[in-house]
Amino acid sequence: MAEPQSPLGHTFVPGDHGNSAGGIGLVLTERSDVSIVQVTAWRGTIPAILTAIGDVTGLNVPDKPGAGRSAGEKSAFGFAPGRYFVVSPSADLEDRLRKAIPLETGTIVDLTHGRSAIRVKGPWSEWVLSKLFAIDFSEHGFPVGFGRATLHHDIHANIQRIDAETFDLYVFRTFARSFWQTLGHAAAEVGYRVE
Amino acid sequence: MTASRLPKGGRIDRARTVRFTFDGKAYSGHPGDTLASALLANGVTLFGRSFKYHRPRGVFAAGSDEPNALVTVLNGDVREPNVRATELEIHDGLVTESQNRFPSLEHDVMAINQLAGPILSAGFYYKTFMGPAIGPLRSTKVWMFFEKFIRRAAGLGRAGIAADPDHYERMNAFCDVLVVGTGPAGLLAAEAAAETGAQVIIAEERPVAGGALLASAELIDGRNAAVWAREKAAALAGRANVRFLTRTSVWGYYDGNVLTAIEHVSDFKPNRTKGQPRQRHWVIRTGKTILATGAFERPIVFPGNDCPGVMLADAVRRYAVEYGVAAGTNVTLFTNNDSAYEAARAMAQAGVNIVAIVDVRADVSGACIEIASAAGAELVLGHAVTGTHAGKTLSSITVQHFNAQTGHVSGAAREIKTDCLGVSGGWSPAIHLASQAGGKPEWDEDLQAFLPPEANQNWVTAGSAAGYMDTVSVFSDGATKGTSSKTKPKLPAVDAPMFDASPAPVFEIEPAAKSQKAFVDFQHDVTADDIRLAYREGFHSVEHLKRYTTLGMATDQGKTSNIPGLAIMADVRGITIPEAGTTRFRPPFTPVSFGAIAGERYGDLRPHRLTPMHDWHLANSARTYEAGLWHRPMIYGSHGETVEQAYVREARAVRQSVGIVDVSTLGKIDIQGPDAGEFLDRVYTNMFSTLPVGKARYGLMLREDGIVYDDGTTWRLSETQFLMTTTTANAGNVMQHLEFYLDCVWPDLRVHLTSVTDVWAGTAVSGPKARAVLEACVTGTGVDNATLPFMGIVHGFIGDVPVMICRLSFSGELAYEVYCGAGYGTQVWEALLEAGKPFDIMPYGLEALGTLRIEKGHVTGAEIDGRTTAHDLHLDWMLSKKKPYIGSGMKDRAGLNDENRLSLVGLISLDNQSINGGSHIVSDAAPREPADSFGHVTAACYSPALGKYIALALVKHGTSMIGNRAYATDLLRGKHGAVEIVSHHMFDPEGSRMHG
Amino acid sequence: MIIKCPYCGPRDVIEFTYQGDATRQRPDPASSDQAAWNAYVYERANPMGAHREFWLHSGGCRQHLIVTRDMATHVISSVGLARDAVAAGKGGDRP
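The listed protein sequences derive, respectively, from chains A, B and C. Take the first sequence: its letter number 140 is residue 185 in the working numbering, and every next letter is one higher. Take the second sequence: its letter number 162 is residue 327 in the working numbering, and every next letter is one higher. Take the third sequence: its letter number 27 is residue 28 in the working numbering, and every next letter is one higher.
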């Protein structure tokens, strides 16, 4: 099938930017090859949903607010009561989740086209993201694997911490270009590379 | 006054030279200097002209409390006015100028205002607004006469016109403990808090930590106090759990322990690193706040107290100790308390020559006497300064005998030659942030000062901010307030003479015969007599006093003037200061630039929302406009075409053949669950549970009050899944509306909602040839009338992209909406254009979209304006009688069925002139004020289908007015024209075209 | 102001949307009692002191919360998910 078009357009410019003469504090990438599926449990079906997510992805997400897991390119995390993002490079993710999760267990919405997945990696990731979002990015406030739903002005974002210095951001596609530019401005101070 | 650099001392780097200019003249200083210290070191003592009277003013303080020495910093064409010279760090290439003077600081023609003193007194503006006749000028004419002179003469720095080229950013921070201030209390409190393992943020407004220790003559643990502070601060900054921010002024205290601060990141640097912001706006959420904000010295008010050379005693000390600058050759001090002696000790150590110490008290302690004698200063006890002699700067003071108990001045005046007078009227804890946080400050009789209020959030004040005025108790209080843990940091040993912190309660020296003004608020030129005048004119409460005289309302927020002003008012009212009360402090503590508050959004105030086909639109000469956050094509222009010509061409193409329009902006909500149908029955006025799978239906929503809320089509994709579309503008609101009912009204319904607006790219294909276009490119499904009837839905492919097609029409033509994954939006759009080539398919913008709907009488937000009912819009047929729904309970209220309500009609221009949106509908053929308006135009256009200018309007008795002539009038834009009122279905009223 | 979302934790007030008085009682949907509808739609108490209100965590988990807030001091004494409270019969004016 034809390649989907990135929403970033001409604003995606690979290479070094900002104060890169002083080093590369951050690497920004667009993860265009992943499927993003939202799964929502009914009241009382959260354990069944988590089991199903585990069966499909191999990720065992604990049943507590914002908890999540990631392994390689796959990840899953909660960001609202009973509501999870499941992300995977496999194109049949939605089909497999749909098979594992009947309507009695929950509902599924494929958001792959509706979100832009951006990875922010580097020693300055907490610092730069703190410029844009009013949540605590320190590791004790935002542990590895966990997810958050928050916003930068009008731009809603789901954020998952992958490791000490890596965050995955999912922003609404129609805002992605504007957000990408704002992210670049915020990162300019520490020097960043677009890959 | 001859200020000069002392041969040694200060924390300036004397090995390096910094060059800058002030009023066009080149000066040099050293790294570590402020503009104030560097200019003083160069012998400059005249810094500006005062607000109303244009009196010469010098530097008065040494920090953020400075009322006088405000300058404008120039950076090319960019002006930053009202910067305090006492905080402005010099750097190579810094260009500054003085303010409020013309033509120059030395020769200011507006100084003539001093002669107009009696007219410019308290309440000048109010009096001239409402006041009596002066000569031929009556009441407000007086104001109008004076205004242009006043506007030019009164004021601070001039704002620039050039855009600020800098950038700013916001920083969000979280911590367990925020310590504001790094004097002795702040350092110990921060250390105590950090020891517990808490996450600590320390904010210091100055470039270096230490606060009062920086100018102290005391020894801490046997070492120079400033050195001790520097080492302590470095140790704290090195801790993993501490973030140490310098040049960071905490300026606001908000609910929930949220504080705001401005960090000067690079505006003190000659060259900025790429990407570095000028200032960073910190928003700090903290568990606990420790306000170690110190105390401000306050002046004593006396006649002639505003000439250059009169300063705060502590400021004279700080210039000497911190910057190695003697503010005068022969310094005198005037005090009501012991702190001036500690200042004298430090000044003398730094090499400043002190000729006399004038103290209002008849007796002082042995320690004080010893210091005066060691400094070689004459001790003039039981006296007060009653006047000054100065040209552009101080040359001498007069002192007289003074009774500190009665406030009585007596005896002969004696003159003391001096070029710098340091004044100390006691110290006021810096309670600004505590006061912002809430609560009423409490008066302390010993300190003659307001102490912080009782905490209503998790904050404490520490050190002199809490009323502890000697270093030993400040250290101890800091350590105590920093932690509740039993293990406290070891208290440093302090080697200093012991002083009494209580001042004599003397705020103003008022000799019987006054020849000079005595200023209270230097920045706003408010005198002691202005306060007494305000009292005589009936403005007694501190709130009235503040507004009537503008006392404390300048950019310094009354840091030096607040207490003396209150004390004078309390005195004339014959009450105590706490009885007079104090005003509440409000943010910001120090001025904050707008750019810093806008942060990263400066210059780009909102995000831009782009459809998947945005780049195609721009590449194909679309002119876009902003609709909410969206950027949408208005028209696709070609050379030399007007907007009207373009949309008429586009709309005509749709009626004649086929056009396509980007409808990706429509709100789209995925609704899933066993109760989805029931849910929609409750939120829509019409029935959805009966809608067959694979069909769409037009739906109408009301608000609870019976007014129309939104409309759109909702598609049934399966038994338990619907796709709702909403108007573009209302998408977010409708989502919230639905979420509210599911969460708060019907939590028993098993329904999930998800916004999928961004998931789908939508293209509407409209026109008689629309089906032919689809037939040419859609595979996997038929699109014939049987397979895809009106309001039917099919799934198929365009190329290899899966698409969902619904046959529905906003234009009134045979039309389809083609949805695909947003990432394929442009491909599908281009494939449709390719397939439409044989039919001269034409992309059309919002103007043509609007034209087509106006011709058809379809409503949008212009008609669904929050006031109209379904009946007003002729949508009664959508109101189900079989079920209740949101709004059904109130829609039959008498007022909503009044026969005088406005209802939807069409208008046709009878004079072949365009009709303005917003025009009033009147019956008067002559253009005049629309007193008899009985309606208004909601939308207007030229209709290519009808060959006429038409409009939609909401008109009283709408339907029964059809066939009548009226006038659409818009006198503001010079329009008045005859119209015929017609049915809102102006084109193809039978709807035969879309069913074709 | 900070609201402590039961799911997301403490967040700035800017992430939340005020959704009105949580003490009013929606009449039976089929009711035509205009006084009851009038009270539900228009009548609001403005107490100085604690007040129950709906807030939507629009910038986070998108759940409606019932927040008990002191109207004079802004001090928030309790926050819960509206769905839970309403489903348990503790919505509306049933504290």
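Misleading hints may appear alongside valid ones.
Claimed, not checked - Taking lysine to any residue pairs in the SDA-like style, the calculated list, with each CA pair at most 25 Å apart, reads: (1) C/LYS5 to B/GLN886; (2) B/LYS1048 to B/ARG868; (3) B/LYS1048 to C/ILE77; (4) C/LYS5 to A/LYS144; (5) B/LYS1047 to B/PHE905; (6) A/LYS144 to B/SER883; (7) B/LYS1048 to C/PRO30; (8) B/LYS1047 to B/GLN886; (9) B/LYS605 to C/MET72; (10) A/LYS109 to C/TYR41; (11) B/LYS605 to C/THR18; (12) B/LYS434 to A/GLY229.
In case anyone wonders, no lab produced these hints; they're calculated from the structure.
To see whether the hints hold, each was checked on the structure:
1. Our distance criterion of 25 Å between C-alpha atoms is broken by C/LYS5 and B/GLN886, whose separation comes to about 33 Å.
2. Proposed proximity of B/LYS1048 and B/ARG868 is supported: the alpha carbons are some 16 Å apart, at most 25 Å.
3. Simply put, B/LYS1048 and C/ILE77 have alpha-carbon atoms about 40 Å apart, too far for the 25 Å limit, and the pair is violated.
4. A distance of roughly 37 Å separates the Cα atoms of C/LYS5 and A/LYS144; the hinted pair therefore is violated under the 25 Å criterion.
5. With a C-alpha separation of about 24 Å, the suggested pairing of B/LYS1047 with B/PHE905 holds against the 25 Å cut-off.
6. This hinted pair checks out: A/LYS144 and B/SER883 have alpha carbons roughly 16 Å apart, not beyond 25 Å.
7. Using a Cα cut-off of 25 Å, the hinted pair B/LYS1048 and C/PRO30 holds, with the two alpha carbons roughly 9 Å apart.
8. For the hint pairing B/LYS1047 with B/GLN886, the CA-to-CA distance comes to about 23 Å; that is within 25 Å, so the pair holds.
9. At roughly 19 Å between alpha-carbon atoms, B/LYS605 and C/MET72 fall within 25 Å of each other, so this suggested pair holds.
10. A threshold of 25 Å between alpha carbons decides the hint, and for A/LYS109 with C/TYR41 the separation of about 36 Å lies outside it, so the pair is violated.
11. Between B/LYS605 and C/THR18, the direct Cα distance comes to roughly 31 Å. Violation of the 25 Å bound is thereby established for this hinted pair.
12. Straight-line distance between C-alpha atoms of B/LYS434 and A/GLY229 comes to about 23 Å, which keeps the hinted pair within the 25 Å bound.
Of the numbered hints stated above, those contradicted by the structure are hints 1, 3, 4, 10 and 11, listed in ascending order.
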